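Novice: Here is how the chains run, residue by residue.
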Amino acid sequence: MAQSSVNKGFARRLGGHLAPWIAPLVILLAWEFAARSGVLSTRVLPEPLAVVKAAWSLIQSGEMWSDVKVSTWRAVSGFAVGGGIGLALGLATGLFRPVEVALDSTVQMIRNIPALAMIPLVILWFGIEEEAKVFLVALGVFFPVYVNTFHGIRSVDANLVEMARSYGVKGFRLYWDVILPGALPSILVGVRFAFGLMWVTLIVAETISAQSGIGYMTMNAREFLQTDVVVVGILLYAALGKLADLLAKSLERVTLRWHPAYQRGAKA
Amino acid sequence: MSATAFSTGFGGIAGRDLEAELMQLRTVEDGVGEGAGTADAGWPSPKFERGDAAPGRSGQARASADGPLARDAPRSADHAVQLRGVGKQYGQRAVLTDVDLSIERGSFVAIVGRSGCGKSTLLRLVAGLEAPSAGVLEKRTQDGRPLDTRIMFQDARLLPWKSVLGNVMLGLGRGAREDARAVLAEVGLVERANDWPAQLSGGQRQRVALARALVHRPQLLLLDEPLGALDALTRIEMHALIERLWREHRFTALLVTHDVHEAVALGDRILLIEEGRIALDQPVPLARPRARASAGFAALEEYVLQRVLKRSQNDDALAHRANDVHQDERFVRPTEVRWAV
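Top to bottom, those sequences are chains A and B.
Throughout, the working numbering is defined as the position within the first sequence, counted from one, plus 13.
Throughout, the working numbering is defined as the position within the second sequence, counted from one, plus 106.
Hints were generated in silico from the structure; no laboratory data involved.
Wrong hints could be hidden among the right ones.
[As the list claims (entries may be wrong)] Straight-line alpha carbon distances no greater than 30 Å define the calculated DSSO-like cross-link-like pairs of lysine-lysine that follow: (1) A:Lys183 - B:Lys268; (2) A:Lys255 - A:Lys82; (3) A:Lys66 - A:Lys255; (4) A:Lys66 - A:Lys82; (5) A:Lys82 - A:Lys262; (6) B:Lys268 - A:Lys262.
[Claimed, not checked] Computed beta-carbon distance windows for the label pairs: (7) B:Gly281 - A:Val114: 40 to 46 Å; (8) A:Val267 - B:Gln248: 30 to 36 Å; (9) A:His272 - B:Gln198: 41 to 47 Å; (10) B:Gly294 - A:Phe23: 39 to 45 Å; (11) B:Gly281 - A:Gly75: 54 to 60 Å; (12) A:Val267 - B:Arg398: 55 to 61 Å; (13) A:Arg124 - B:Arg356: 56 to 62 Å; (14) B:Gly294 - A:Ile40: 54 to 60 Å; (15) A:Ala32 - B:Gly294: 31 to 37 Å.
[Stated by the list, open to error] Residues of chain A clear of chain B, computed beta-carbon distances all greater than 10 Å: (16) Gly22; (17) Phe46; (18) Ser74; (19) Leu102; (20) Pro133; (21) Val191; (22) Val217; (23) Phe237; (24) Leu269; (25) Arg270.
Note that this is a predicted model, so its numbers are computed, not measured.
Every residue gets a Cβ at the ideal spot worked out from N, C-alpha and C, and that includes glycine.
Using the sequences provided together with the hints, build the complete structure.
Specialist: Next up, the structure:
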């Protein structure tokens with residue numbers, strides 16, 4: 014009796030894990046079938062098996078690893094620069110009124126220029142060197158982090174700040190114990206947005222001007238009509254994007270342990 | 107995802123100058139901080155009298171021997187808080203006008219009044235959260251030092267990202283851990299010390315807020331409708347807890363409430379504030395712990411309640427406005443107060 018209910022619970026949990034994969038699997042099978050029967054030309058889309066083979070040969074030749082490494086490095090360094098500046102400026106404008114007066118309207122104005130509109134200028138400034146890509150990623154990442162940090166600090170519960178002050182919390186401890194944790198949920202939303210924008214900006218930057226990286230790999234494959242390699246590149250971006258999102262999520266789970274949305278059960 | 111990332115209209119305290127507020131804080135805190143050094147001198151070491159947890163057991167004998175009137179008799183002229191001609195204006199609107207008030211050291215004073223009468227503003231003035239626009243406000247210990255004051259708000263205002271223990275230790279160093287645990291034990295929540303505030307019920311959160319105030323060993327505790335959001339049974343429990351801790355810690359207490367029953371149950375003295383003035387100063391000559399069903403209790407509650415309600419019922423000049431604005435309030439209030447009578 015107990016055994017069967019345990020088994021049932023296990024089956025249900027397993028089903029819960031498997032259910033999200035049914036739809037992609039069906040699409041994949043339909044795709045394979047369409048490609049094999051000739052309905053889908055290989056010039057439009059290669060069959061899934063061919064994609065897997067292409068991926069395997071890219072892995073074996075070491076090409077994929079070096080391209081992924083280059084792209085990831087660009088993404089991470091661009092994110093570090095742009096996110097770091099965005100966080101610092103957001104904190105400064107959020108906490109100090111004079112800084113806000115001096116900077117915020119300027120930043121809001123520049124924010125409306127799409128980072129990708131800067132590509133021609135960026136190519137003129139940096140050529141197609143590494144700096145160009147890192148600059149574009151940093152620019153794309155900067156704004157969501159900045160805006161959400163600023164917003165997070167401004168929307169910290171004024172009652173909590175008042176309470177903390179009346180309990181003798183001041184100076185650095187007030188920022189560290191009250192204002193920053195209060196702004197953190199909003200800052201992390203900004204980080205998640207930024208992770209998404211990081212890949213988008215990088216993809217465009219790499220496909221337009223690059224001599225290495227995933228974008229370069231796909232654009233090169235296009236020249237030779239290697240649709241399978243192009244699809245591999247697209248899937249790589251999807252996987253890396255998902256990875257970044259998982260990272261952001263686990264970051265939230267660790268830093269927002271106290272938040273009711275991240276607690277299971279245990280309501281008194 | 108949400109639109110917050112790109113929204114330019116910021117809510118919250120966007121309109122307020124955070125930095126300027128922080129500056130204001132420092133000046134206030136410096137005044138309070140000076141008193142902190144001597145705060146412990148006059149304090150009895152915390153007692154953990156388990157018998158006191160059940161108010162019924164302490165009985166009448168104790169109340170007459172250790173009652174507030176008997177206790178404070180030798181130093182009846184000793185005032186912890188004095189207000190002389192205090193007024194507060196927000197722009198053109200006068201919230202408090204010409205308030206004269208002396209609060210005896212160690213007494214429990216309850217302030218009642220309708221919403222918007224200025225009672226919370228009075229408390230915020232005494233707390234030093236706001237400065238009076240006119241008059242003098244003095245808070246002193248017996249030897250003339252600034253009074254160490256703590257306030258308990260209507261919402262518990264716990265930091266959701268700190269554990270219960272962390273919240274109680276707010277503003278204190280790591281060395282206060284044992285003190286904090288001891289005070290948590292006094293409010294009966296020591297086993298929840300490592301939980302998050304979000305995991306507690308409303309009453310438990312207020313008990314944590316009470317512990318957080320008491321761990322500072324304040325000489326003056328201000329209570330700004332701290333039980334307003336709690337259910338009836340939890341309120342009665344909290345009354346007993348607050349009364350017991352007030353006896354043990356011997357602080358001066360100032361309670362703002364809209365609940366006349368609560369004021370009669372806890373106060374040595376009830377102040378009614380009407381339109382920014384003290385309209386009634388009523389001593390409560392009932393022995394503690396108070397029998398809520400006694401005739402004296404009911405009569406006093408009825409009297410104060412009628413005084414609170416009287417104004418808008420008789421005053422013709424206000425009748426029109428009162429009917430429009432306060433209609434709900436007037437009909438809800440009596441029933442709200444009567445639940446436990």
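Novice: Please go over all the hints and tell whether each is borne out by the structure.
Specialist: Right, here's what the structure says about each hint:
1. With a C-alpha separation of about 17 Å, the suggested pairing of A:Lys183 with B:Lys268 holds against the 30 Å cut-off.
2. Our distance criterion of 30 Å between C-alpha atoms is met by A:Lys255 and A:Lys82, whose separation comes to about 16 Å.
3. A distance of roughly 22 Å separates the Cα atoms of A:Lys66 and A:Lys255; the hinted pair therefore holds under the 30 Å criterion.
4. Of the pairs offered as hints, the one joining A:Lys66 and A:Lys82 holds, with about 21 Å between alpha carbons and a cut-off of 30 Å not exceeded.
5. Taking the CA atoms of A:Lys82 and A:Lys262, the gap is near 23 Å; set against the 30 Å cutoff, the hint holds.
6. About 21 Å separates the Cα atoms of B:Lys268 and A:Lys262, which keeps this hinted pair within 30 Å; it holds.
7. Between B:Gly281 and A:Val114 the Cβ separation comes to about 42 Å, which falls inside the hinted range of 40 to 46 Å.
8. Distance hint check: the CB atoms of A:Val267 and B:Gln248 are about 50 Å apart, inconsistent with the given range 30 to 36 Å.
9. At roughly 42 Å, the beta-carbon separation of A:His272 and B:Gln198 lies within the given 41 to 47 Å, and the hint holds.
10. Roughly 40 Å separates the CB atoms of B:Gly294 and A:Phe23, a value that falls within the hinted 39 to 45 Å.
11. For B:Gly281 paired with A:Gly75, a C-beta distance near 58 Å keeps the hint of 54 to 60 Å intact.
12. For the pair A:Val267 and B:Arg398, the beta carbons lie near 49 Å from each other, so the given range of 55 to 61 Å is not met.
13. Between A:Arg124 and B:Arg356 the beta carbon distance is about 58 Å. The supplied range of 56 to 62 Å therefore holds.
14. The hint said 54 to 60 Å for the Cβ distance between B:Gly294 and A:Ile40, and at roughly 58 Å that hint holds.
15. Evaluation of the 31 to 37 Å hint for A:Ala32 and B:Gly294 yields a failure: the beta carbon distance comes to about 45 Å.
16. Against chain B, the non-interface label of A:Gly22 holds: every CB pair exceeds 10 Å, the least being about 25 Å.
17. Its beta-carbon lying about 35 Å from the closest one in chain B, A:Phe46 satisfies the requirement of being farther than 10 Å from that chain.
18. Once the 10 Å rule is applied to beta carbons, A:Ser74 is consistent with being away from chain B; the minimum gap is 38 Å.
19. The claim that A:Leu102 is not at the interface with chain B holds, since no C-beta of that chain comes within 10 Å of its own (minimum 15 Å).
20. The beta carbon of A:Pro133 is kept farther than 10 Å from every beta carbon of chain B, the shortest such distance being approximately 25 Å.
21. Annotated as non-interface, A:Val191 brings its C-beta within 10 Å of a C-beta of chain B; the closest such distance is 6 Å.
22. No beta-carbon of chain B comes within 10 Å of the beta-carbon of A:Val217; the shortest separation is about 19 Å.
23. With a closest Cβ-Cβ approach of about 38 Å to chain B, A:Phe237 is found to remain outside the 10 Å limit, as its non-interface label requires.
24. Separation of A:Leu269 from chain B is inadequate, the least Cβ-Cβ distance of about 8 Å not exceeding the 10 Å criterion.
25. Separation of A:Arg270 from chain B is inadequate, the least Cβ-Cβ distance of about 8 Å not exceeding the 10 Å criterion.
Checked against the numbered hints listed earlier, the structure breaks hints 8, 12, 15, 21, 24 and 25; every other hint is satisfied.
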